[in-house]
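Engineer: In order, the protein sequence lines correspond to chains W and G. First residue of the first sequence? That's 1 in the UniProt record's numbering, and the numbers climb one at a time after it. First residue of the second sequence? That's 1 in the UniProt record's numbering, and the numbers climb one at a time after it.
For the record, the hints were derived by calculation from the structure and aren't laboratory data. Among the hints, a few may not be true.
Stated by the list, open to error - For lysine to aspartate or glutamate, the following DMTMM-like pairs were computed, each having C-alpha atoms within a straight-line distance of at most 20 Å:
{"no.": "1", "chain 1": "G", "residue 1": "Lys84", "chain 2": "W", "residue 2": "Glu95"}
{"no.": "2", "chain 1": "G", "residue 1": "Lys82", "chain 2": "W", "residue 2": "Asp93"}
{"no.": "3", "chain 1": "G", "residue 1": "Lys128", "chain 2": "G", "residue 2": "Glu49"}
{"no.": "4", "chain 1": "G", "residue 1": "Lys84", "chain 2": "W", "residue 2": "Asp93"}
{"no.": "5", "chain 1": "G", "residue 1": "Lys82", "chain 2": "W", "residue 2": "Glu95"}
{"no.": "6", "chain 1": "W", "residue 1": "Lys82", "chain 2": "W", "residue 2": "Glu95"}
{"no.": "7", "chain 1": "W", "residue 1": "Lys82", "chain 2": "W", "residue 2": "Asp93"}
{"no.": "8", "chain 1": "W", "residue 1": "Lys141", "chain 2": "G", "residue 2": "Glu49"}
As the structure is a prediction and not an experimental result, all values here were calculated from the model.
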Amino acid sequence: MSSSWSRALTQISPYTFASIGIAISIGVSVLGAAWGIYITGSSLIGAAIKAPRITSKNLISVIFCEAVAIYGVIVAIILQTKLESVPSSKIYDPESLRAGYAIFASGIIVGFANLMCGLCVGIIGSSCALSDAQNSTLFVKILVIEIFGSALGLFGVIVACAAHLDHNQIISCC
Amino acid sequence: MSSFSGDETAPFFGFLGAAAALVFSCMGAAYGTAKSGVGVASMGVMRPELVMKSIVPVVMAGVLGIYGLIIAVIISTGINPKAKSYYLFDGYAHLSSGLACGLAGLSAGMAIGIVGDAGVRANAQQPKLFVGLVSVELQVSVNPCGMVCLCNALELKTAVQLEMIIFGRE
Numbered sequence: 001m002s003s004s005w006s007r008a009l010t011q012i013s014p015y016t017f018a019s020i021g022i023a024i025s026i027g028v029s030v031l032g033a034a035w036g037i038y039i040t041g042s043s044l045i046g047a048a049i050k051a052p053r054i055t056s057k058n059l060i061s062v063i064f065c066e067a068v069a070i071y072g073v074i075v076a077i078i079l080q081t082k083l084e085s086v087p088s089s090k091i092y093d094p095e096s097l098r099a100g101y102a103i104f105a106s107g108i109i110v111g112f113a114n115l116m117c118g119l120c121v122g123i124i125g126s127s128c129a130l131s132d133a134q135n136s137t138l139f140v141k142i143l144v145i146e147i148f149g150s151a152l153g154l155f156g157v158i159v160a161c162a163a164h165l166d167h168n169q170i171i172s173c174c
Numbered sequence: 001m002s003s004f005s006g007d008e009t010a011p012f013f014g015f016l017g018a019a020a021a022l023v024f025s026c027m028g029a030a031y032g033t034a035k036s037g038v039g040v041a042s043m044g045v046m047r048p049e050l051v052m053k054s055i056v057p058v059v060m061a062g063v064l065g066i067y068g069l070i071i072a073v074i075i076s077t078g079i080n081p082k083a084k085s086y087y088l089f090d091g092y093a094h095l096s097s098g099l100a101c102g103l104a105g106l107s108a109g110m111a112i113g114i115v116g117d118a119g120v121r122a123n124a125q126q127p128k129l130f131v132g133l134v135s136v137e138l139q140v141s142v143n144p145c146g147m148v149c150l151c152n153a154l155e156l157k158t159a160v161q162l163e164m165i166i167f168g169r170e
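Excised from the complex, chain G in its bound form (with noise of 0.2 Å):
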């Protein structure tokens, strides 16, 4: 213990927020992706032509699961007590952001899987809305889940060197 300064049970937290953002990354993913594959399997059935085109709302919802690995690998690599010291407050920072980024991913996959689903039914017989359809898709995936998942990897970065400033830490 001589050599070890920062909290004991602080990775607990920070691992924590690792989880958090992967496992509700991958639920949103989940709920995207099967919610839209059903509506595109019920679609292709009457018009097998369009389905290639209909796989938009899918990819949309697996890069929401490599935000959240990123936003892992992140959280996890930074939690290093032997290189820098792990205090609860960079803990608490970790959790926040996996948290943030995972429930961000969870709403925008179950966004994702819902417009996903109504929208290749109704291109399917209104093919002028495919524009319409990937509009929306793109809106949902990025605005929530991108941008707050980029800010979350700076936001831990700023907030640790913004709390050294204050504190005076090392």
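With the rest of the complex left out, here is chain W (with noise of 0.2 Å):
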């Protein structure tokens, strides 16, 4: 116990951790897919007015965003099995002080770059659907701007599942 930090962090049980980390992941990915669907859809049904044939294939822009919430509910299902109980003269443990630490650094990771990621879908699927509606050689051409940005959904995912699960220790987890 070296500094007032630490003293503060180790009266809060890794459970709130973990759970506020489980949390964020799904909460704010559905945030971000949300606000990408309906920047996308209200700029979708609006163009389609003038040009009714863009509409089946834009919904693959919202589908782009639809996929970042899955990937907020599936990481947020793999963080909850990762939960265990211990008994309560283990839980303020190093060993189970981590795994709630590293639990919520998922959480935060995966939860908040799905929102930008779903964010950036949203907007660039909204022009793609209003130049699609002018000009409809474009759709597949800004659909690959579309596929840049839903990738950065997918690094979240990465460094969530990859970096922080797949240790030996957190499998002894709180």
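Work from the hints to combine the two standalone chains into their complex.
Structural biologist: Right under this line is the structure:
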């Protein structure tokens, strides 16, 4: 115990951190997906007034945003399986504390990376719909940009799953 | 607790550093991709043949996300209290490098987005500007983020080694 931050942190149960991490991973991911979908959807529906042919193709943008929410759900379920109960004498052991912090960080990573990804894909999807309405050869080209955007959500899932959860220590979790 | 050396709460700061590296880099990459993507889509209505050339800012912004991913993975795999004792020093070092990399990525991404948006629209009107656009994008993406990220990864390891020498820890 060398500093006041440490002293304060050891008083907080690792269950708190783990639970908040799991909640953030799904909640903020779905927030990102919803934000992206409404940005794309409103532009898509507006543009389809004059160009009804675009609706079925541009649903792909909505699906890209939806995938972000699914990433959040998957990681939340994986993180939740890492939670085990330990006897209360061992809750504040270093391994348990570390596991709690790891789950918290994984949740934050996935949640906020997916939030940004959902926003990005939504904005690009809306401009994709609008430009598709003017010139249908543009759809595939702008879709390439959307694919770059949707890779950001995958980065979050990769870091959360590969870097945090494959440690041997985390199996004997809090 | 008998075989444990190092500070118990240090992993909190270490993991937060990894989180900061990825999350802020993703913010920058998302901003860059979205802003320049909107520019490309708007420009493409008038000049469809220039769209594929104008994807340069989007690619540059995507690379920022990869920088954040690399640093986040390096930091997370470095937090291993069973293999090597993890003191508060290591935790704070990881936090600082994660924040540095992430915030550099955020700022680089915003710059890439704004320059990319203006650049692709200008390129549509004046084709000679393409070289200028690409060189500005390269400057913006490589200088802050690439250098900082690579130096970070090195600094992490050398700082920890320096600390071991100075304080004589094992």
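Engineer: Hints broken by the structure, by number, lowest first?
Structural biologist: none
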